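Protein sequence lines, in the order shown, are assigned to chains Z and S.
Plus 168 on top of the position in the first sequence (first one is 1) and you've got our numbering.
Plus 168 on top of the position in the second sequence (first one is 1) and you've got our numbering.
These aren't lab readings, by the way, just hints derived from the structure by calculation.
As the structure is a computational prediction, the values presented were derived from the model and not from experiment.
Do not take every clue at face value.
What follows is a set of in silico ranges between Cβ atoms, one per label pair, in the way DEER data are often shown [said to hold, decoys possible]: (1) Arg369(Z) with Ala352(S): 51 to 59 Å; (2) Arg430(S) with Pro317(Z): 48 to 56 Å; (3) Gly290(Z) with Arg362(S): 32 to 40 Å.
Where is the CB? At the ideal position from N, CA and C, for every residue including glycine.
Protein chains: 2
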Amino acid sequence: MRRLRDVGEHAWIAALARRLAGRPADRRILVGPGDDAAAVRPGRRPLLVTTDALVENVHFRAGWAAPAALGRRAWAVNASDLAAMGGVPRFAVLALEAPPAMRAADLDALVGGFAAAARRDGALLVGGNLAAGPHLAITAAVIGEAPGPVMTRAGARPGDRLYVTGALGATGLAVRRLAAGAAARLPDPPRRVRAGRLLARVASAMIDVSDGLVQDVGQLCRASRVGAEIDLGRLAAAFAACAGEDYELVVAVPPAREPALRRVAPRLGCRITPVGRLLAGRPVVRVRAPDGRVVHAARGGFDHFRR
Amino acid sequence: MRRLRDVGEHAWIAALARRLAGRPADRRILVGPGDDAAAVRPGRRPLLVTTDALVENVHFRAGWAAPAALGRRAWAVNASDLAAMGGVPRFAVLALEAPPAMRAADLDALVGGFAAAARRDGALLVGGNLAAGPHLAITAAVIGEAPGPVMTRAGARPGDRLYVTGALGATGLAVRRLAAGAAARLPDPPRRVRAGRLLARVASAMIDVSDGLVQDVGQLCRASRVGAEIDLGRLAAAFAACAGEDYELVVAVPPAREPALRRVAPRLGCRITPVGRLLAGRPVVRVRAPDGRVVHAARGGFDHFRR
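The whole structure should be built from the sequences, with the hints applied where relevant.
Next comes the structure, spelled out in structure tokens:
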């Protein structure tokens with residue numbers, strides 16, 4: 169079994185660059201992996217840029233997911249940020265921190281999973297970095313384009329309805345089981361690039377659910393200077409209101425755009441569910457039970473430094 | 169003293185985004201820090217994309233440099249990669265892994281150092297990520313433009329002369345002293361964006377010295393399918409041939425471009441010294457002492473997984 173300390177940083181990178189170079193040429197790539205930087209040819213649209221990381225023992229533990237699944241997940245958390253802006257990913261760089269005893273084949277599989285997931289979403293892995301570290305940490309930066317309006321968190325108004333794509337809570341549930349030592353599989357995050365691009369045409373504001381619905385709606389509220397009310401009856405479980413890492417999209421839709429939303433809904437590739445509404449006033453998120461009681465008015469969700 | 173666990177991820181990011189938003193508007197920025205992704209307006213030239221990381225206990229140890237100097241260094245290692253392509257940095261994202269007990273003010277200073285160094289080189293910090301981790305790790309991705317030719321490692325020919333900007337060995341010496349417990353200051357990496365842009369007009373190939381002159385010239389040789397000979401007498405110390413992290417530029421210049429190099433040299437902002445030449449044959453780097461002996465033909469320099 170070849171470990172990273174057997175292969176070495178430079179040999180591993182050279183082998184990877186050879187494999188990636190063997191792929192069909194793409195006229196967007198002027199200089200691909202293996203040089204000091206990649207050179208790419210963007211379109212004329214505004215560029216979107218984001219970065220996100222998966223850190224061992226923070227976002228996952230060893231054994232929770234196969235290396236290829238971790239790679240796909242590292243792609244997905246970044247693609248989700250672009251999707252939440254209505255963007256389409258184009259290029260990615262991948263910075264890896266890995267322990268010397270890690271199997272080289274596992275790092276290959278991780279990068280392979282990342283690159284394959286990127287390609288499925290229309291993007292190319294064009295470069296990266298590999299450093300030794302005490303644990304595995306996967307940091308990607310992704311560059312995309314906005315084919316339509318750039319959809320921020322800041323455009324929502326009181327009276328807009330809140331929708332969420334797909335379903336919430338599955339990842340949180342798996343993490344809860346895995347952390348308790350039970351058998352579970354960390355689900356692959358949903359692919360919402362297409363939905364984000366289509367929803368950007370009808371939304372007033374959009375954000376992805378990375379830290380939990382209540383918390384991320386709170387972010388949207390602060391950026392838009394509105395309040396929000398979430399209907400717990402619309403979620404599969406109360407748990408889903410605060411579970412993180414679902415990477416679904418939360419979309420604010422003005423009443424006048426509801427017909428447009430209904431027209432676009434069949435093409436999203438996922439269901440879209442109304443989960444609440446935006447209110448005038450302070451940026452507070454209230455969660456209302458089916459019987460009308462406010463059951464959760466505090467801040468929930470994930471913060472890396474406050475537990 | 170406010171530590172990250174007192175401030176929290178989201179509050180820290182919100183405060184930072186407010187500070188960055190207070191800066192003078194730049195028409196290149198459509199959406200700045202604080203949303204899911206940044207939206208920027210590039211020029212029409214090819215884009216250069218790179219990523220590089222500084223990991224605690226790998227690239228530095230606590231106390232070796234002030235937080236602002238670490239931030240400047242994290243900028244510099246990325247800017248150096250763009251400079252080595254003849255590129256000019258434009259936009260950056262910064263992904264931080266930090267322990268909860270870290271002082272929030274130190275992380276502020278780190279990001280401040282990064283952003284200030286980026287601005288000095290004409291670039292803007294447009295986004296980032298903050299995750300908890302067992303140690304400090306600073307990963308940046310930088311997007312730049314190529315105002316002239318995109319200069320890879322691959323264009324050198326036998327007979328080209330090798331030059332190096334500035335001086336080699338200072339960082340390696342400081343690291344050696346610091347690791348031994350002696351007093352030393354980790355020097356700020358040199359700023360070579362201007363030199364790289366000008367040298368790209370006369371060079372056949374270029375690379376930055378991050379892992380050590382011998383090793384990085386070896387990379388250039390493999391990409392260009394040439395051999396190389398380095399004159400030890402041209403370096404301040406034999407040590408400088410293998411010391412890493414100098415972030416100077418190594419440039420291959422064809423004989424016909426020597427007059428052009430002499431014309432451009434006064435405008436580089438640093439000295440440029442001939443250190444060797446490229447040869448036909450296998451991509452082997454020979455180091456020759458002033459008396460003509462080959463003193464070092466093996467691979468030297470830094471590999472993250474092979475010591």
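Here is what the structure says about each hint:
1. Separated by about 58 Å at the C-beta atoms, arginine 369(Z) and alanine 352(S) satisfy the suggested range of 51 to 59 Å.
2. Our hint of 48 to 56 Å for arginine 430(S) and proline 317(Z) holds, since their Cβ atoms are close to 52 Å apart.
3. Judged by the Cβ atoms, the range 32 to 40 Å given for glycine 290(Z) and arginine 362(S) holds: they are separated by roughly 36 Å.
In this structure, none of the earlier numbered hints is contradicted; all agree with it.
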